[in-house]
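Number of protein chains: 2
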Amino acid sequence: MDWKEKIFKDVEKTKKASFIISKTSTEEKNLFLEKLSQKILLYQDEIIEANKKDVNSCIKKGYSSAFIDRLKIDKKRIDKMIKAIEDVISLPDPVGKKIWEIVRPNGLKIEKIRVPIGVIGIIYESRPDVTIEASILCIKSGNSVILRGGKEAKRTNKKLIEIMKVALGESLLPEDTVNLITSGGRASVKYILKLYQYIDLIIPRGGQSLIKTVVENSYIPVIKHYAGVCHTYVDKDADLDMAWKVVLNAKVQRPATCNATETLLIHKDIAEKFLPKMAELFRNYNVEMRGCSETKKILPDIKEATEIDWYTEYLDLIISIKIVNSLEEAIEHINKYGTHHSDSIITENKKSAEKFLKEVDSAAVYHNASTRFTDGGEFGLGAEIGISTDKIHARGPMGLEELTTYKYVIYGNGQIRE
Amino acid sequence: MDWKEKIFKDVEKTKKASFIISKTSTEEKNLFLEKLSQKILLYQDEIIEANKKDVNSCIKKGYSSAFIDRLKIDKKRIDKMIKAIEDVISLPDPVGKKIWEIVRPNGLKIEKIRVPIGVIGIIYESRPDVTIEASILCIKSGNSVILRGGKEAKRTNKKLIEIMKVALGESLLPEDTVNLITSGGRASVKYILKLYQYIDLIIPRGGQSLIKTVVENSYIPVIKHYAGVCHTYVDKDADLDMAWKVVLNAKVQRPATCNATETLLIHKDIAEKFLPKMAELFRNYNVEMRGCSETKKILPDIKEATEIDWYTEYLDLIISIKIVNSLEEAIEHINKYGTHHSDSIITENKKSAEKFLKEVDSAAVYHNASTRFTDGGEFGLGAEIGISTDKIHARGPMGLEELTTYKYVIYGNGQIRE
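Chains A and B, in that order, give the protein sequences. In terms of the numbering used here, the first sequence opens at residue 1 and continues consecutively. In terms of the numbering used here, the second sequence opens at residue 1 and continues consecutively.
Keep in mind that the hints are not guaranteed to be accurate.
Identical chains share a label here; the pair holds if one copy fits it or two copies do between them.
[To be verified] Capping the alpha-carbon separation at 30 Å, the derived lysine-lysine pairs in DSBU-like fashion look like this: (1) K296 - K97; (2) K190 - K4; (3) K6 - K16; (4) K194 - K4; (5) K39 - K6; (6) K336 - K350; (7) K4 - K336; (8) K98 - K112; (9) K97 - K109; (10) K336 - K194; (11) K273 - K297; (12) K9 - K76; (13) K13 - K190; (14) K112 - K355; (15) K61 - K245.
The set of hints was computed from the structure by calculation and includes no laboratory data.
My request is simple: use the sequences and hints to build the entire structure.
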């Protein structure tokens, strides 16, 4: 059997399983999740052992320490996986929820009901925690899953899938509810992306080049979780004490996340008052500043920002700073250079806030709060599979509800159309 | 300026206009629609004149009469356009609607608000009524529009766009709210489909080969309105009088529509009782029947159905007929051969109905009613841009709400993340 045939068979089996998992009760799905949590605990040494082989092979090949860190599964990561499973067990099941209903003059009763999407393909890099965290969200929302992870995590992923299949078997769910594609190398991604009759949605998780490959090759709908070039705009009517505190938090509290602020915009009227103390705070946290020419007049010692900086997601203790002439210029800058993720205005002026919240074209727009809050948990929505920077289907935190679609169910007593 | 440059400029201008139209009030959008309706009435002779040139040129080139019929704009079609505009004026504006809200323990107030998608690209064939009907739905929901219609309707479309721009101008909306791409020939479609930074959603309207081209080439999210291979299943517990009436309606009431039934499935236990009278009714309406081998034992005079028939959307007075051994076989047939559009079960057995409604993986599933009801108007949702056979974002009738997305608006008083 060549690799294409093998992948096709796996995908076909996963599609078949989707019809069974889609009608499985919440209790049965939760039973699987409980079994999975027990099995991960039981087999944690085997998981860590398999992972060590992946890690050692990558160290030998000279992968970066950041890469190794994402790949590595230790006791702490195991605990995090188990915690994630417990969280998903406690979340309400969206399947079967009535979204809307109507009784028509002809007596037809129409209900709009949440149903699973079907088969979800997750294409990701060598982060084995995604293997568990993405699968449990898909399964709790009644979908089956095709996983295509990075080759460097091959042994770890195989072990995790083996354990998931044991848990599926013990809870009497189809073992093909989740399948991992390991054959075919890089070409397999392009092949998977053409199987639109079997896979209903693709979610790529990874860097920009992975997402680009997926978008450019997929015949299947894709929901992207692109980079977060997030902004905080300090308006001329800002409460400066609040602004210093919020901007600092948005940059330094966890700079490697997609909702951290990457660019600080400041209204020209308050820049001279605001910037020196802001710079002092940034320096205390070792934040590198890159400013526009106006900023450099106030902070002459910092680096000059280039056009590229305004487009850059640093994911690090670096911030670009720009002084703008107006609220309008701030909005225009954000809509041009941002990634439509999370942007905040700090102001005491309600009208300016309203304009900003309305006109900034982003998934999450904030008034007087840190951009760091864009997160399913912080929004009270529960665990998320990612933060969508797309506008179609899901925008912002993508949780269980966004992993479902709906159908119209129509009850009649012989109605015909005239 | 070469054609790529010209298209790019038009698309860029349309994107700019989207930021203005997105914040336009319902009153302003309705004013545009009223002006448009007046202008179409005022310039109807010019429209019909331009259309005549398109029609004559196509007649000379030997296009089919069905093609000419879709292309032709006469007084009746003008009236239909005006009626469509009036309908859209009367529909509620979805923009700004609060979908959900929450106040978090930290005091953050989070609102989920409906907002326009941005720029919607409509790629369609030579049906100039789509030019108006798609544009008004997109604009009422706060989007700007890129239109790429078939070259055979070039003169008609140019005239209609000219009139739309007059109406936009008179209602003080940006004239670039709608732009028509006419240059670049076939290659222009592929070029447009790459402009993901400017166009937020593509809706193809047309035959399967057009949709295939779009799906295979687009970097932009696509919502498809594929064919409708719809089924009616007559269960062993059906009320036969109801079944004869509903099946006949589903096939003959308007056979050229996507929600007309193409395949009749019948439980083996009632086939002998049901089929002869059904066949008589079909013959009265000149419906050509194509049956499976079991069907042919009861109706020996009809044609034999081939594997291809089960996949075929006839859009005509033709029906394929299959006798199945069980409800399960009916469901399996529908999920395999159907297009996930509209499917109905006729039965008095509630359990069988429930199973069918749950397990048939289609946008609209019916119990004891004609498949012909799948329609925004019939569902009480108002006008629709099409019936989505996709599962992502919009499923079934796609109206004004489905032409919007949402954003999270978060109100704080200095909250930072711990």
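Hints, verified against the model:
{"no.": "1", "hint": "K296 - K97", "verdict": "neither (55 Å within a copy, 43 Å between copies)"}
{"no.": "2", "hint": "K190 - K4", "verdict": "both (11 Å within a copy, 28 Å between copies)"}
{"no.": "3", "hint": "K6 - K16", "verdict": "within (16 Å within a copy, 48 Å between copies)"}
{"no.": "4", "hint": "K194 - K4", "verdict": "both (12 Å within a copy, 28 Å between copies)"}
{"no.": "5", "hint": "K39 - K6", "verdict": "within (27 Å within a copy, 60 Å between copies)"}
{"no.": "6", "hint": "K336 - K350", "verdict": "within (24 Å within a copy, 56 Å between copies)"}
{"no.": "7", "hint": "K4 - K336", "verdict": "between (42 Å within a copy, 22 Å between copies)"}
{"no.": "8", "hint": "K98 - K112", "verdict": "both (6 Å within a copy, 19 Å between copies)"}
{"no.": "9", "hint": "K97 - K109", "verdict": "both (16 Å within a copy, 25 Å between copies)"}
{"no.": "10", "hint": "K336 - K194", "verdict": "between (32 Å within a copy, 18 Å between copies)"}
{"no.": "11", "hint": "K273 - K297", "verdict": "within (13 Å within a copy, 91 Å between copies)"}
{"no.": "12", "hint": "K9 - K76", "verdict": "neither (36 Å within a copy, 53 Å between copies)"}
{"no.": "13", "hint": "K13 - K190", "verdict": "within (19 Å within a copy, 34 Å between copies)"}
{"no.": "14", "hint": "K112 - K355", "verdict": "between (35 Å within a copy, 17 Å between copies)"}
{"no.": "15", "hint": "K61 - K245", "verdict": "neither (43 Å within a copy, 71 Å between copies)"}
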